[in-house]
Structure formats: C-alpha cells, structure tokens
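**Student:** One letter stands for each residue in the lines below.
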Amino acid sequence: MKWISSVSKKRLRLIVYAFMIFGLAVVIRLFYVQVLKHDELTELAKENWDREVPFASERGEITDRNGEIIVTNKLSPTLYFMPAQNDNIEEAARQIASVLNLDEKKLFEKMNKRAYLVKLAPEAKNISYEQAVQIQGLKIDGLYSGVDYVRHYPYGTLLSRFLGFTGYDTQGLAGIEYQYDKLLTSKSAAIRLFTDAAGNALPHVDDEWRDGEQGATVELTIDLEVQQVVERELSQAMEKYDADQALAIAMNPKTGEILGLASFPTYDPSNFTEVDQSIYNRNLPVWMTYEPGSTFKIITLSAALEEGVVNLEKDRFYDPGYTMVEGARLRCWKREGHKDETFLQVVENSCNPGFIELGQRVGPDKLMDYIHNFGFGEATGSNIPGEAKGILFSKERFGPVEHATTSFGQGISVTPIQQITAVAAAVNGGKLFTPYVVSKIVDSETGKVIHENTPQLKQQVISEDTSAQVRNALESVVANGSGRQAFRDGLRIGGKTGTAQKVQDGHYMDGNYIVSFIGFAPADDPEIIVYVAVDNPKSATVFGSTIAAPIVGQIIEDIAPTIGLAVDREGQLEKQYRWGDPITDRVPNLVGLKVDEIKKLQYPYRIEIHGEGELVVSQLPEPENILEVDDTIHLYLGNDSNKAKNNTNSGEDSNTEQNTN
Amino acid sequence: MLSVVGVLFIFSAGTYWSQVHYEGDTPFYIRQSIYLVIALIVFFTVIKMSLFTEEKTWITLYIISLILLVLVLVPGIGLSRNGSQSWIGLGPLTMQPAELVKITTLMYLSFLLSKVRNSERVVQVKHFLILIIPCALIMLQPDFGSVFILIVSAFMLFFVARYPVKLYVGIIALGVVGLAALIMSAPYRLQRIFAFIDPWGDPLGAGFQGVQSMLAIGPAGLLGHGFGDSRQKFLYLPEPQNDFIFSIILEEIGFFGGCVVLLLFGLFIYSGVGLAMQATQSSHFYAVVSLVSMIGFQACLNIGVVIGLIPVTGVTLPFISYGGTSLMIIWFIVAIVISFSNRVETKS
Chain A
1 MKWISSVSKK RLRLIVYAFM IFGLAVVIRL FYVQVLKHDE LTELAKENWD REVPFASERG
61 EITDRNGEII VTNKLSPTLY FMPAQNDNIE EAARQIASVL NLDEKKLFEK MNKRAYLVKL
121 APEAKNISYE QAVQIQGLKI DGLYSGVDYV RHYPYGTLLS RFLGFTGYDT QGLAGIEYQY
181 DKLLTSKSAA IRLFTDAAGN ALPHVDDEWR DGEQGATVEL TIDLEVQQVV ERELSQAMEK
241 YDADQALAIA MNPKTGEILG LASFPTYDPS NFTEVDQSIY NRNLPVWMTY EPGSTFKIIT
301 LSAALEEGVV NLEKDRFYDP GYTMVEGARL RCWKREGHKD ETFLQVVENS CNPGFIELGQ
361 RVGPDKLMDY IHNFGFGEAT GSNIPGEAKG ILFSKERFGP VEHATTSFGQ GISVTPIQQI
421 TAVAAAVNGG KLFTPYVVSK IVDSETGKVI HENTPQLKQQ VISEDTSAQV RNALESVVAN
481 GSGRQAFRDG LRIGGKTGTA QKVQDGHYMD GNYIVSFIGF APADDPEIIV YVAVDNPKSA
541 TVFGSTIAAP IVGQIIEDIA PTIGLAVDRE GQLEKQYRWG DPITDRVPNL VGLKVDEIKK
601 LQYPYRIEIH GEGELVVSQL PEPENILEVD DTIHLYLGND SNKAKNNTNS GEDSNTEQNT
661 N
Chain B
1001 MLSVVGVLFI FSAGTYWSQV HYEGDTPFYI RQSIYLVIAL IVFFTVIKMS LFTEEKTWIT
1061 LYIISLILLV LVLVPGIGLS RNGSQSWIGL GPLTMQPAEL VKITTLMYLS FLLSKVRNSE
1121 RVVQVKHFLI LIIPCALIML QPDFGSVFIL IVSAFMLFFV ARYPVKLYVG IIALGVVGLA
1181 ALIMSAPYRL QRIFAFIDPW GDPLGAGFQG VQSMLAIGPA GLLGHGFGDS RQKFLYLPEP
1241 QNDFIFSIIL EEIGFFGGCV VLLLFGLFIY SGVGLAMQAT QSSHFYAVVS LVSMIGFQAC
1301 LNIGVVIGLI PVTGVTLPFI SYGGTSLMII WFIVAIVISF SNRVETKS
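If you're matching them up, the sequences are chains A and B in order.
Just so it is clear: in the first sequence, position 588 is 588 by the numbering used here, and no numbers are missing.
Heads up: take any position in the second sequence, counting from 1, add 1000, and you land on the numbering used here.
Hints should not be assumed to be uniformly reliable.
Claimed, not checked - Calculated cross-link-like contacts (lysine-lysine; reagent style BS3-like; alpha-carbon spacing at most 30 Å):
#, chain 1, residue 1, chain 2, residue 2
1, B, Lys1048, A, Lys9
2, B, Lys1115, A, Lys314
3, B, Lys1115, A, Lys119
4, B, Lys1115, A, Lys106
5, A, Lys389, A, Lys538
6, A, Lys10, B, Lys1115
7, A, Lys9, A, Lys240
8, A, Lys10, B, Lys1166
9, A, Lys10, B, Lys1126
These aren't lab readings, by the way, just hints derived from the structure by calculation.
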C-alpha cells in the first residue's frame, strides 16, 4: 500500500492513541464522579430535588428514670410555601397576614425568596385549627400546611434550667436539648411533591409519602417525684426568704446517679424568650462557683481521720474564739469561742479554729492532695452542659493563711456538683464516683438501647473505716450540733451546714451570703445525699443551720417513701435537748391496757378516749413516734380482748384472726 | 447500534422536555425513529452509489453547502433557535447546513491533499482558504462548536497528511490566541470558562449546566437508577435529549453502562481506522481518516463537557443526540466510509 506513507500511518496511530487516552481519562473521571464522589453528590442532588412538604416526626422524648415523660411533643400545624407556584405572592401574603394577624410586609419578604420551599415559621407555626381551615379555604397556590410539632412540657417549669429548650424548628438550643440534639432530632416524614426544576408539579406523577424517623428517647437518672419535692421546697424557700437564687442536687451516693437537680428562679421552656439568658443558660448546680464554707470541712475532717492525726472523742481542743496564723487573726464564727471541747464537738459546732488545727495536723501538701483526690479543681465529668471547674490555690500561693482558711472552706471556690460528689465519697465508704444524669438513650421505635451510662468509680479516696467515722460525726452534727434542724426521727440523717459570704471583685460582699446544707441518710449506710444552697436569703439569722438544714430535712423526709428509705432506722443518735426545743418523748404503747390502768401511769400527755369498752384496741399516734409534751394521744376502746392483743403482738396477727373468724 | 441506544434514551430523556416546550408535537423519540429510518435509507442508498467517491461530486457539494451557509443568514430563510441562526426551514423540515459543510470541507481537503506529490510543499494556502471560508460563515450564525470541530478535524487531517510538526506548534499558539479572541468577543464564553473552573461558585447561574450534569451522574453510581428513572431530565438539565443526553445515559444506566457506550465509540473509531488502512487510494484514506476523526472528536467534546472535563460547549453526541440533520449526516458519513472500503473489495 504505497499510497499511504509510513509517516501518515505513524501519525494516524498517534491520533488513535490520543483518542484512547481521552477514553481512559473519561473512564477515570466517571469512576471518580460516580463511585468516589457518589455519596457527596447524592446528598447535593437530594437538596437539589427537595420539594417536600415536611410532615414532622416527633422529636425524642425526655423521661425520668421510671419512664415518666418530662418533655414530649404537641402537634402544631405549620404553613409552607412554594414561591414558584404562585404568580401573585403579594396578594397571598396579604391574605395570610390578615388571617393570622401578621405583618404583611415581613411575610411577603419571607415568601418572595428565591427558594423552592419556604417554611413560614415562627409566624405561621403552631397555628390554630380554625386558622388552618380558614387559610385552606383561601386556596392559595403553592401554600401547603404541613404537620409540625412543638415541644410540650407537662410539668411546666420543672427541671427547665437543666433541660434547656428548642427553637422554632424544634432544634435544641440549650441544655440537654442542645447537648443531645443529634439523637433527639427526628427525621421528618414528608409528602414528596414531584416537580420539575421550576417547581411546577409534574403531570401524571402522584405525590409520594416518605417515612420519617422518630428521635431517640433520653432517659434521665432524675426521679420525677424527687424532683418535684426538691423544687417545691426550693420555691417555698425562695419565697419565704426572698432569696436571689437557690439550687439543689439529690444524688445516690452509691452510684453517682443524680435523682434531682434544681435551680431557681425557673422559667417556662416554651416561652424562653421572656426571661434573661442568664437564667436559661446557667444550670446553677454545675455552673455556679462560690466559697463552699463549712460544708467543705467534711473534706478536712476526712483527711484528718484518714491520716490518723485525731481521735474525735478523746482529743480535746480549746477555742478562744480565734486562731493566730502568721499574725493574722482568724475568727471562729462564734465570737466568744467554743472554749474547751472534744474534736467531735469541734465538728458538731463547726468550730473554725478547731478545723484550722485539723488542717495543720494533716499538713498543707497532704491536705491539697486530698482536696484534689476528692475531685475539686476539675470538672466532675458529669457531662452536664456548662460545668465549671472551681478555683483552688496554686501550690506556690498555698501559704499558711491560705492553708488555714481552706481548712474551713474559705478562700477557694467550688461547684455544688463537686461538693456533693466529694461528700458522697466521704460517706459512702470512700468511693469517688462520676456523677451522671443521663441513664440511657433508647431508640424509640425499636426499643433498642443506643447508649447506656453505668456508675463510674473514679477512685478510692479514703478507707471504709474512715468513712464510717465521718458518717458518725456528721450524724451527731444533726443530732447534737449545727444541723439539728435537719433532724427527722427514724431517718438517721447526717450532714453539715455551710454559710459563706459572697465574693464580688475580690471583696466579700457585706450581708450577702450563700447558705447551704449537705445531708444524707441513713447515716450508717447512705442511700441518698442532698445538697441545698440558698443565695442571699433575707432573714434575721442567715445561717445554713437555720435556712438550708430544714429544707434538706424536709426533702429527705418527703422522698423517703419514693426511694425506699426506712423511716424507723435502728441505732439512731437521739436528738439532744436544748433550751427552747419542745420537750418530746416517745409515744408509749397503750394498746391492750385498761383505761384505769392508764390513768394510774400519769403520762405527761393529754389523753382523749373514744368509744366504749374496757380495753384500748388502737391508739393515735402509734407507739415510738415522737410527741411533744402536752400533745394529745387518742385511744380507741373496745371489748374485743383478742383484737387488743393482736395489735400488741402484730407478728401473730394474721394467724389469730383467721382462727377467730 | 449507537443509534438504537440514542433512540431509547431520547425516548426517556426527551419526553418531558418536548411536553413542556413543544406541546402537541410528535414526541422526540418517534421523530428520532423516523429520522433513523430515513438515515438508514440514505445510508444504504449512498453505499450503492459510486457518485460519492468522485472528487467532482465533493467540489460541487462543497459549493452547495457554502451557498446554504449563506442562505441560512438570510432572514426569512434561516431560522433562529437558542440565539443562533443555524437552521434552514423547508416547510415542516429543518436542516443545519453547518453539519453538511463539515463533511464537504473535509472531503474536499482530502482530495486536494491526496494530490500533493512527495516532492511538493505540503502546506498550501488554498487548504486554509477552503477551511476558513466555511468557518467564517458559521461564525456569523454563530456556532462556535461546529467551527471548533471543523478546525480541529481539519488539522488532524493535515497532521496525518504529513504537515510539518513545526507548523503545529505555531498553530497551537495561534489557537490559544484565537480562543482568547473568541472569548473576548462573546462574554458568555468567559463565563462558561469560569463556570468550568468552579461550577459550584454560581450553581444557579453560569455553573448551572455543569453542576446539574454532575448531580445527574454522581448519584447514579455503578449501575444507575434504571432505564427511564432519571430525575435530572425534568428540566434540571438543559436539552436532555440533545447536548446532555450522555448525562441522562449515565444517570440511568450508571458507570458500567457509560463504559459500554464509550466502548461502542471506541469500536467505531477502531473499525474506522481499520477501513482507512484498507483504502486503495490516498484520497480515500484521507477522507476516511478525516471523517472518523471528526466524529471521534465530536464525541470526545460532548462527553468531555458532560462529565466536566471540558468547559460547556454546545456540541451534540454523534449517533445518539436528537436531531434529524445530524443523524442523517452521521449515517451519510458512515456510508461514505464503507463505500470507500467497498471499492477496495471490488477492485482487489
């Protein structure tokens, strides 16, 4: 084939190669686009096609530990608008605005966007049924009413500063709603509208339904009943003392589970815009830091006992009302001093010089180690949004004066959650747990547990033995010392008061205190620990002992049945009588006795007799309850000696009754 | 084979577009089927005729096509679509003279080149004149894509016809300058270039076509959404039955399907070159080479645009895209190529 030169052939081959290279490039490019970037482009394409009127699925619920619903959802019709489908948007905006009483101009601006679908929220979200019907009647092109939900809070303000709230797109904006937003968020179901690129509905293609997904349920460790009691008590205290703020934590000391968590003042999460952001953004039990005051003495006490530098009952201390440290006079809260006392009395009296002595016996380095080991100076890991770390003295600045003030809880700052976690460790056998408030997250459709929190033991801080001594000492604080107003008969509450002056710009504020009390029960094997702090109460005597202690006592008393505390715990320290206290005694058992026999016994009570008969068959109050002198015992008479005996001998009760009947 | 694929996908892709824009007209796929039948008739007729192997025929046709190009610019005769006056209306039928002129020019050049003696200078001014006259006329429509294809195909032909390599260096330089000039003369071209570099920068404006094409191809994956299930054909992509038909093909039958289509084009080029090698005269050799490389180049250009390798240029995909003229021309070309190689058989 001589008419084709070899040069031509070679060049033709070159051109063929060029085509082949191009073909290869195309294949590579296709692979890149269709396989490697497949997912990314699919996402983008979905957005491109998105012509869906959302039919919202429910956001996940938030429940307490028993599955009681704290936060749920409520249906709310919401308007959606497709600008491309309406030729006279101005008119449409005017019509909608007149039905819903909205600003026409703003609505028009919103509706006249170059977007495929506009959600007319928040203005036209959660409209009433009547309004929805009225608007449907207008038959406005491109206007759709979709289903949406708003958050519903069956308990109103309960737990609100911890829960946070959601915005008009039901997106979590604060608190746990924000923290767990991804899990709580549902995937909307939707009516799919098939439209072309211009937004016109496609002929002969039916709208489709796309299933959504509900958000996951977040189950808290909170116990709704405990929470309600705690909040009731705090709100009463707020009112009674006209306090600035108040907070409380109730915790299971054996696990770190938080049963109650309250901050006051509260707010309504469905109207969060009405309050200052300092209220909804600050979850006080983890956010606030302040001088702990005397509640911190538990740490010093634990350290001293663990180090074996004191014998509470045998060692004595003399408190003249102050101690000199490096020329500085550190006063006891009691001006004249507690004089001669045992160290147990030092604890009961919350005597500052006594605790300075204990702190000195432990030594500055060791005391600091204990403070750190108890978890101060760092976040507890509770995973509650907004947790602070508190402030301790640095090693270089920890001089003798700082050492002394730290010993009785001044000059440092801690968070309530640190305080309760540390004290829980001091009384539970020395185990420092990580506190937690989310118990598990459950897929609300399948019931599958997505995530579960279990008790996390951080470390053993003090020995079981030391812890037992701390518990005893703190029980006697309640029975005999500054915590007496937290005493509840049969519950064996132990605890410690705290009163601390607030600090502003490095100076103590005059007459502005945070009073607190930390209490636990039963003292021999704590099941519950409760911390309450009231910020700036207005009262004649502003002490933790007079304000916070009774609140904690009341809370523990009221939640005892809920958490299964025995109300007649054995071996309790009897409350010591003090002048002014009402004289009390235990109710004697009078059942089974004859009336004239009782009269001979000369009890210091008034006795009222009801009914006819010779024998007492029942009595009110029942035996072993505490009764003030001059109070009344009601006796109910009858002739049935069997019944009278049965009541005295309750063990055989059922048997006898079956025999007689 | 490729044309059957074409009809199928025009059926799929073009349906909606035609409903919206040409309501009441015969759907694209029926028209395209009719075109294909006509094209095949043309094909078999041309194969039987020896007329098209003669140089004289091509000189005549070249002149006729130039006349048509002039006519297209005359208002009343030429029809304007999408801003270009590229069509001539003959009653209900329309045709694009540019499609024809591409062939006649290349054929004429092939015959001229074959006459060049070994001792002679290869580069001749008249070659360029023959090329430039139709180019200039097409630019007046304007139809940049066709000019580009014609010029590149011609230069591929010159290349095979032993034009000195040195010249090509110069031409490429000239090409760059020319391209720059073209861009300067029409700002929309500059926008297309920018859109190519960053299509996501302005996804609703200049980058629209590139972005939408990517959105068609990407989600299809290896296997595609299945025949008829394209979503992008609903006006998201412009001219889905035409310039962007390969997007729709990729969207519906995926990566593997796309590769098959590529393979078919590869097969076409391969057998085309095979036929060229069997040619008995250098004029036939040149003719086959130029026609095959023109179709190949046009295919590359279209596919390149669709998959984002090349800035957007309005070029159809041979065999597959909708359009009576282009389909007939393509089969006309195939007929010529085959008839040239038939010569070989009859002669040897």
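**Student:** Is it true that the CA of Lys10 (chain A) sits at most 30 Å from the CA of Lys1115 (chain B)?
**Tutor:** holds (20 Å)
**Student:** Lys9 (chain A) and Lys240 (chain A): Cα distance at most 30 Å?
**Tutor:** violated (105 Å)
**Student:** Tell me if the straight-line CA distance from Lys10 (chain A) to Lys1126 (chain B) falls inside 30 Å.
**Tutor:** The hint holds at about 25 Å.
**Student:** Within 30 Å, alpha carbon to alpha carbon, are Lys389 (chain A) and Lys538 (chain A)?
**Tutor:** holds (29 Å)
**Student:** Is Lys1115 (chain B) close enough to Lys106 (chain A), meaning Cα to Cα at most 30 Å?
**Tutor:** violated (78 Å)
**Student:** When you check the alpha-carbon spacing of Lys1115 (chain B) and Lys314 (chain A), does it fall within 30 Å?
**Tutor:** Not OK: Lys1115 (chain B) and Lys314 (chain A) at ~128 Å, beyond 30 Å, violated.
**Student:** Check whether the Cα positions of Lys10 (chain A) and Lys1166 (chain B) lie no farther apart than 30 Å.
**Tutor:** Holds, because 17 Å separates the two Cα atoms, which is no more than 30 Å.
**Student:** Holds or violated: Lys1115 (chain B) with Lys119 (chain A), Cα cutoff 30 Å?
**Tutor:** violated (73 Å)
**Student:** Holds or violated: Lys1048 (chain B) and Lys9 (chain A), Cα atoms, limit 30 Å.
**Tutor:** holds (28 Å)
Of the hints listed earlier, those the structure fails to meet are numbers 2, 3, 4 and 7, in rising order.
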